[in-house]
Amino acid sequence: MTIILRSFLAFLRAAIGVMLQYRGEILLWAVWGLVNPAVLYAMWSAAAESQADKTVAGFDRGQFAAYYFCIMIVGHLTTAWDAYELGYFIRSGRLSAMLLRPILPIWDALATNLSYKITTLAFVAPMWAIFFWIIKPTFTAGAWQLTLGIVATVLAGLLNFLLGYVVALVAFWSPRLDAIGETYFGVGVLFGGRFAPLAALPAILSPIAAVLPFRWMFDFPARLLMGQIVEPAEALGGIACQLAWLAGIVVAFRFGWAAAVKRYTAVSG
Amino acid sequence: MPQIEVNNLSKTFRVPEREAGLWASLRSVLRRSMREVRAVDHVSFTVEQGEIVGFLGPNGAGKTTTLKMLSGLLHPNDGKAQVMGYVPWRRDSGYLQRISMLMGQRSQLHWDLPVVDSFLVHAAVYAIPKEQYQASLKELVDLLELGDLIKKQARSLSLGERMKCEICVSLLHRPQVLFLDEPTIGVDITMQARIREFISTYNRRYGATIILTSHYMADVTALCKRIIVIDHGRILFDGALEELSARLAPFKVIRIDLDRELDGYDFASLGEVLVREGRKVELRVPKRSAPLIAERLLSDLPILDLTIQDPPIEDVIARAFGGGRPAAESASSTDGDAGSA
Numbered sequence: 001m002t003i004i005l006r007s008f009l010a011f012l013r014a015a016i017g018v019m020l021q022y023r024g025e026i027l028l029w030a031v032w033g034l035v036n037p038a039v040l041y042a043m044w045s046a047a048a049e050s051q052a053d054k055t056v057a058g059f060d061r062g063q064f065a066a067y068y069f070c071i072m073i074v075g076h077l078t079t080a081w082d083a084y085e086l087g088y089f090i091r092s093g094r095l096s097a098m099l100l101r102p103i104l105p106i107w108d109a110l111a112t113n114l115s116y117k118i119t120t121l122a123f124v125a126p127m128w129a130i131f132f133w134i135i136k137p138t139f140t141a142g143a144w145q146l147t148l149g150i151v152a153t154v155l156a157g158l159l160n161f162l163l164g165y166v167v168a169l170v171a172f173w174s175p176r177l178d179a180i181g182e183t184y185f186g187v188g189v190l191f192g193g194r195f196a197p198l199a200a201l202p203a204i205l206s207p208i209a210a211v212l213p214f215r216w217m218f219d220f221p222a223r224l225l226m227g228q229i230v231e232p233a234e235a236l237g238g239i240a241c242q243l244a245w246l247a248g249i250v251v252a253f254r255f256g257w258a259a260a261v262k263r264y265t266a267v268s269g
Numbered sequence: 001m002p003q004i005e006v007n008n009l010s011k012t013f014r015v016p017e018r019e020a021g022l023w024a025s026l027r028s029v030l031r032r033s034m035r036e037v038r039a040v041d042h043v044s045f046t047v048e049q050g051e052i053v054g055f056l057g058p059n060g061a062g063k064t065t066t067l068k069m070l071s072g073l074l075h076p077n078d079g080k081a082q083v084m085g086y087v088p089w090r091r092d093s094g095y096l097q098r099i100s101m102l103m104g105q106r107s108q109l110h111w112d113l114p115v116v117d118s119f120l121v122h123a124a125v126y127a128i129p130k131e132q133y134q135a136s137l138k139e140l141v142d143l144l145e146l147g148d149l150i151k152k153q154a155r156s157l158s159l160g161e162r163m164k165c166e167i168c169v170s171l172l173h174r175p176q177v178l179f180l181d182e183p184t185i186g187v188d189i190t191m192q193a194r195i196r197e198f199i200s201t202y203n204r205r206y207g208a209t210i211i212l213t214s215h216y217m218a219d220v221t222a223l224c225k226r227i228i229v230i231d232h233g234r235i236l237f238d239g240a241l242e243e244l245s246a247r248l249a250p251f252k253v254i255r256i257d258l259d260r261e262l263d264g265y266d267f268a269s270l271g272e273v274l275v276r277e278g279r280k281v282e283l284r285v286p287k288r289s290a291p292l293i294a295e296r297l298l299s300d301l302p303i304l305d306l307t308i309q310d311p312p313i314e315d316v317i318a319r320a321f322g323g324g325r326p327a328a329e330s331a332s333s334t335d336g337d338a339g340s341a
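Residue numbers (this note's numbering), protein chains in the order written: chain F, 1 to 269; chain L, 1 to 341.
This is chain F alone, in the form it adopts within the complex (with noise of 0.2 Å):
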């Protein structure tokens, strides 16, 4: 244990110093995180506007407001993107010099995922802060749902993470991965309330996303942080939830991963 989190701390500076060589890029990446949630707030405020009772699905203007406030901070924080790049990795055999290393490639990537974070807060801090200025969002949230929000992100942060590792494994059969990249994205982005909070799916696509873990990536941490979930029971069934799918994606990893090396050919290097 103490070597991988030796490892972890190595990778993580070394990600950081990649990282600022590329500030232009990153920068780049944070204003397009933000863009997107702020496109969405600006069309369902105006729907809701347009409605005689000022609302849509229960939001109002200023709940949308918050609601967006809050998928474009766990949105940033729960970020992921190894279901493009392991297949790029494979490919270029940029791979085999990871697997010859007596610790797995996952802990780099995660490495890498958090200097991601770590690196663009003080580019995104302000933007969230001239956001929140602009669109004045109604929060309800007391301390404990601060509190439990906080967890909830980061727990979502790990699923979204290791989902799309798993989703990448399947680079191991079919290295041409941009395309379950991108529809691993796009499902994310509808079922797990990016797109339009939950409430707002038509009835056809709730069961869906009810049984997808979407859920717990992105809408229920968004939630709990604005104050919309008022009963703890409900936050921390939330959160076990998010427990048992880590749980759950952690043993696809491992079965996955040991069914993935031995496939790999190593191509490229």
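Calculated from the structure, these hints are not laboratory results.
Possibly wrong hints are sitting among the right ones.
Claimed, not checked - 30 Å max Cα-Cα, derived DSSO-like pairs, lysine-lysine:
| hint | chain 1 | residue 1 | chain 2 | residue 2 |
| --- | --- | --- | --- | --- |
| 1 | F | Lys136 | F | Lys54 |
| 2 | F | Lys117 | L | Lys151 |
| 3 | L | Lys138 | L | Lys152 |
| 4 | F | Lys262 | L | Lys80 |
Unchecked claim - Incomplete in silico selection of chain F near chain L, CB under 10 Å:
| hint | residue |
| --- | --- |
| 5 | Ala15 |
| 6 | Gln21 |
| 7 | Tyr22 |
| 8 | Arg94 |
| 9 | Pro102 |
| 10 | Lys262 |
| 11 | Arg263 |
| 12 | Tyr264 |
Note that this is a predicted model, so its numbers are computed, not measured.
Beta carbons: idealized from backbone N, C-alpha and C, even for Gly.
Keeping the supplied structure of chain F fixed, place chain L upon it in accordance with the hints.
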């Protein structure tokens, strides 16, 4: 007890294939045709601790696939192997900490960081104690003459500089078994010699076992007393270098660039004419006669440039084994060697 034991190791890849053209491309959408390629075919050998063994063979012979199986990157379809008592493809972390594989065309360095930052990551991953890291680093920097190179970004290094740094990072944890796949590929002759010298020193100093593949005969002759020749996934020869040299490469290739085209000169009387295109001529001549023939060419002809080289390894092996396939008698004798080595 041998440090590396390989018994009937085989690896087959399934690769898609199709004819050229759009029509074949469309057909492959409906029905994908796969072909099985046996990259390694029941290979057996052993290597004692401290040995340096050269793996030779043409492109696609199975050398790198064998090394990848021994380093744990690939799972074999059949056969057994043990290295230091470990089964490589179980990828035990204890095993991976005691080996290193250097792939000439693959980088272990972080492209965007100073090289020394990659070394620090390596030290953490391999749990190298601080004192050992400092000592190893100093020793390797001195031996490889790295100097201030380690403070430069990896992407700004020349190929030769990068190879030296790759070797350095591969050896920081002092591996007991080294798999070197084309360690001198793409670097100039001076650097090749320096890398060879370094590998030899590392082997002597730490008693490390080394298997190396190379297309350069000079790498092999400088480092390896024992050679394993592999082609089409099968071992064709396993034995002493002297035996291999005498049997496989008793000739040199002389290449000349003439000042002008000459029609009447009888090159065939000097050796086998491999190429004769305009002002370029290439001759295969007996190794012992090469200096004399070169001298004669220089005195007889208006020569702009003349080089004497070892023949390409593919050429040597193809000639010695009848187009790359083992002749009946050599197969029986050498496979026997391989099995008992």
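We went through each hint and held it up to the structure:
1. F/Lys136 x F/Lys54: Holds, because 16 Å separates the two Cα atoms, which is no more than 30 Å.
2. F/Lys117 x L/Lys151: holds, 27 Å
3. L/Lys138 x L/Lys152: holds, 17 Å
4. F/Lys262 x L/Lys80: holds, 15 Å
5. Ala15: Since chain L brings a Cβ to about 9 Å from F/Ala15, closer than 10 Å, the hint holds.
6. Gln21: Check passed: Cβ of F/Gln21 comes within 5 Å of chain L, closer than 10 Å.
7. Tyr22: holds, 8 Å
8. Arg94: holds, 7 Å
9. Pro102: It holds, given that the least Cβ distance between F/Pro102 and chain L is near 4 Å, below 10 Å.
10. Lys262: holds, 5 Å
11. Arg263: holds, 8 Å
12. Tyr264: At 7 Å from the nearest chain L Cβ, F/Tyr264 passes the 10 Å test, so the hint holds.
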